[in-house]
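Peer 1: Read off the chains here:
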Amino acid sequence: MKMPLPDQAVLEKRDMLVRRLKEIVQNPDGVIDQEAGLRAFECDGLSAYRQLPMVAVLPETKQEICEILKFCKAEGVNVVPRGAGTSLSGGALPLADGVLLGLAKFSKIIDVDYDNRCAVVEPGVTNLAITDAVKADGFYYAPDPSSQIACTIGGNIAENSGGVHCLKYGLTTNNVLGVEMITMDGDIVQFGGKHLDAEGYDIMGVITGSEGLLGVITEVTVRLLKSPQYISAQLIGFPSSEQAGDCVGKIIGAGIIPAGMEMMDYYAIHAAEEFCHAGYPLDVEALLIVELDGPEIEIEHNNNAIEKIAKECGATVIKLSQSEEERLTFWAGRKAAFPAIGRISPDYMCMDGTIPRSQLPKVLARMGELSEHYGLRVANVFHAGDGNLHPLILFDANIPGDLEKCEQFGADILRLCVEVGGVLTGEHGVGVEKRDLMNEMFSEDDLKQQQRLKCAFDPDGRLNPGKVFPILHRCAELGKMHVHNGALPFPDIPRF
Amino acid sequence: MENFNITSEDQVPDILQWALSDSKRLAIAGNNSKAALGRPMDVDATLNLSGLSGIEMYEPAELVMKAKAGTTVAFVEQELAASNQQLAFMPPDYGPLLGKASGLGTLGGIFTTNLSGSRRIKAGAARDHLLGVNGFTGRGHAFQTGSRVMKNVTGYDLCKLIAGSYGTLAVCTSLTFKVLPKPEKVRTVLVFDITLEASATIMRDAMSSVHEVSAAAYMPASIAAKTGIDYLDGGRAVVALKIEGPAASVEYRCAALLKAFEGQGRVEELHGHRSQTLWTFLSDVRAFSENQSPNIWKISIPPSNAPAYVKAISAAIPGLEYFLDWAGGLVWASVPEGIENAGVTIIRQNLNGNGHGTLIRAPEKLRTEISPFQPQNPVIAGISERIREGYDPQRILNPERMYPTVET
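So the sequences go chain by chain: V and W. The first sequence begins at 49 in the working numbering and counts up one residue at a time. The second sequence begins at 36 in the working numbering and counts up one residue at a time.
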């Protein structure tokens, strides 16, 4: 994986840049230029890739962010925004010649507005902190990525984060009412607010999921929902993953939209059970957790329907949570699946493709063949309701060549997802991890069209370059209507 | 004026190339049910997609459908109903409001205008459920974004940009979208003799309850009398709350809501058929479709601001009629003829920057003189214009339908 070559001219003026940034950021600890301090930022959740930033800044006011961005633009310096650094795709991976812009100090909940069922928060507030702040009043914020204890809402906007409850409640983009952002020009702009459907283009909609390439998020207005009256979960085990997949389709076909519907395969079930004794059956090939929420009477009705469907699909184990404690135990195994896999393998890499659900048997079978081909084990956890796969490839980084093999295996899985009509990433983002696979899903013209959007916000390409797009086109080149045959325009554009 | 009635998406690039090389401007149309919405355009030809019709893929168990842009919403709803499903959002039909027949609206039209009916507050907008788009940009290039799966964060979410762009960025030829099961039962709880102020509190409490209210509206007596529903013609102001889901659950939740609000006014319950009639009446703005007044505003606002806002505009505009949808977050206002510029200054200034007002219906002349869409701040206007530059550098697609071109 190659990153853009550092700009020597920028590196040469590092001392001046640091000095000027220290003038902008009032807190003397807000500019970090020593290696020991910069180590904390060298990677995000995708720790296979590391890079020290040239300098890190931790501003405390919007005005400071405006000044930093204007200064970086004027000096031709790249900027990488960062929330909690939990990205699993390298979205916050620093650049050797870049300023790492940390938003951690923006951690206030500004306004909880029950009259309008929303909250206005700063970008550094963690996902779970929003729910914690309103829980006692019977409300919550629906998107729940598994990193919710640590990940920030600013990062959730950047990645359009999902979670296990997307099937019923949608992703971040479906739960945000407003976003305030600072552009690379240092302008503060508000898209949306406490009302619905902003006038003009849905710019909030494209900022959500833009992976820090369009602007720096400074405030977010999120929708709050009333906590459901009752929640229950069923564990359903099957002798084959085909039967489990069939059951998922039939539940939805019957008109039931569960709050969450998760699947685990044999490896994942065993690893999770050994790790936290969730009471999972060990004699099944696939396990579903089906969670329902709503009025108790509705849940009872739907649970009965699901049980009937599961039996018809050949379920050998059906267990309904009898208490809130038991429901949480069912989930404990699923939520601990990643660390559980971490215990049985020195390293693992988590993939994130989405497929049309009907393709599951084909994809799992092919994945088994690939596993044999590469000699690497793979465990599967799967947001079954919406087709989002998380194959965990087990490897050992200390064995020379294992990481590369794992990367190739992962790329093959994602190609397979695209081949069956799915996508490269369902919720983790492209970042650097899947950047070089973008051509598998998009034509060169489509990728250029996406990059033209960036030109509307950041024509110099200063924000988070080297992420998402495999070839960096200059806006001047993208603006042209025709390219002359034969002559390659801009032969020096970076191609990774 | 030329009129291109295409029957295959393969014909689109040729028309775009013609427009690009001869500097021709195109109106992008379906069945023209919303032609009177937005700024009047000065164009050389119409690219009509209504012949581009049909369902390309429908997998009920995967909750997904792909259909050509000219397919009517009515046809799609009929096909979905055969599998006991419906669109994931509630598409309104503004045909009658805009002087056309009902049932004409196309998929391309409903998604590119991002219009949503009463269920918007719970179900989301059209934009929330658009999964993929195929079409052509104003550069004449084939264009594809999104996919057919529910969860996808691969690259920018350009579906959001296309939804609500009024055909100013790309010609959509097919759309892939999420569908959902039809609820087994629908009922409506009515609370009568409610003042404007009290309606805000009732709708707030209903939306903050555990009973999953899917739509909430307030009708003053004069509007309620127009619904044609026997229960509602007593000339009384009323709050309506929509409940849907499995039968037992709906009955339970209705009972709970009736009990919760019986102290506020007389309560009543509408069953399936009348519920359907009522929410179509509200979503399609039928209260104003045969109205004398030519000028109809759609105002999106933080719900709790609605009572004070409506009071302010009613005081400044004599004869203004209104009703509230989206639990108060949507004010529909009919401004009588003779009020200067349809009261644009009053309508927009009273928002104090919180929300926006769209002039949905007005004579062509007025829609030229004042901006039907709320003017944007210069930074956002600049970004929007540069987005257009990327998609349609020669401004051949629906030129100035939303906003006049600005220098960036």
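Please keep in mind that the hints were generated in silico from the structure rather than gathered at the bench. Certain hints may be false.
Under the rule of at most 20 Å between Cα atoms (straight-line distance), these lysine to any residue pairs were calculated in the SDA-like manner [as the list claims (entries may be wrong)]:
id, chain 1, residue 1, chain 2, residue 2
1, V, K118, V, D163
2, W, K217, V, I345
3, W, K294, V, I345
4, V, K110, W, I415
5, V, K298, W, M92
6, V, K216, W, A96
7, V, K496, W, Q429
8, V, K118, W, L115
9, V, K61, V, Q111
10, V, K183, V, D55
11, W, K346, W, T393
12, W, K346, V, D163
13, V, K121, V, Q111
14, V, K216, W, P413
15, V, K61, V, K50
16, W, K101, V, I72
17, V, K453, V, L376
18, V, K496, W, V414
19, V, K298, W, Q120
20, V, K121, W, K294
21, V, K496, W, K346
22, W, K135, W, I415
23, W, K220, V, D163
24, W, K220, W, L115
25, V, K298, W, K135
26, V, K383, V, L330
27, V, K367, V, G390
28, V, K110, V, I72
29, W, K135, W, S243
30, V, K216, W, G417
31, V, K216, V, S194
32, W, K157, W, S243
Far from chain W, by Cβ distances over 10 Å, these chain V residues were calculated [as the list claims (entries may be wrong)]:
id, residue
33, Q82
34, E373
35, E374
36, R405
37, E417
If you want a taste of the chain V side facing chain W, the calculated C-beta under 7 Å gives, among others [stated by the list, open to error]:
id, residue
38, K153
39, S155
40, L176
By construction, the Cβ of each residue, glycine as well, lies at the ideal position given by its N, Cα and C atoms.
Peer 1: Against this structure, judge whether each hint is valid.
Peer 2: We went through each hint and held it up to the structure:
no. : hint            : in the structure
1   : V/K118 - V/D163 : 38 Å, violated
2   : W/K217 - V/I345 : 19 Å, holds
3   : W/K294 - V/I345 : 17 Å, holds
4   : V/K110 - W/I415 : 18 Å, holds
5   : V/K298 - W/M92  : 19 Å, holds
6   : V/K216 - W/A96  : 15 Å, holds
7   : V/K496 - W/Q429 : 18 Å, holds
8   : V/K118 - W/L115 : 52 Å, violated
9   : V/K61 - V/Q111  : 24 Å, violated
10  : V/K183 - V/D55  : 48 Å, violated
11  : W/K346 - W/T393 : 19 Å, holds
12  : W/K346 - V/D163 : 18 Å, holds
13  : V/K121 - V/Q111 : 15 Å, holds
14  : V/K216 - W/P413 : 37 Å, violated
15  : V/K61 - V/K50   : 24 Å, violated
16  : W/K101 - V/I72  : 52 Å, violated
17  : V/K453 - V/L376 : 36 Å, violated
18  : V/K496 - W/V414 : 24 Å, violated
19  : V/K298 - W/Q120 : 14 Å, holds
20  : V/K121 - W/K294 : 61 Å, violated
21  : V/K496 - W/K346 : 50 Å, violated
22  : W/K135 - W/I415 : 33 Å, violated
23  : W/K220 - V/D163 : 29 Å, violated
24  : W/K220 - W/L115 : 17 Å, holds
25  : V/K298 - W/K135 : 41 Å, violated
26  : V/K383 - V/L330 : 18 Å, holds
27  : V/K367 - V/G390 : 27 Å, violated
28  : V/K110 - V/I72  : 12 Å, holds
29  : W/K135 - W/S243 : 38 Å, violated
30  : V/K216 - W/G417 : 36 Å, violated
31  : V/K216 - V/S194 : 17 Å, holds
32  : W/K157 - W/S243 : 12 Å, holds
33  : Q82             : 35 Å, holds
34  : E373            : 21 Å, holds
35  : E374            : 22 Å, holds
36  : R405            : 6 Å, violated
37  : E417            : 23 Å, holds
38  : K153            : 25 Å, violated
39  : S155            : 25 Å, violated
40  : L176            : 21 Å, violated
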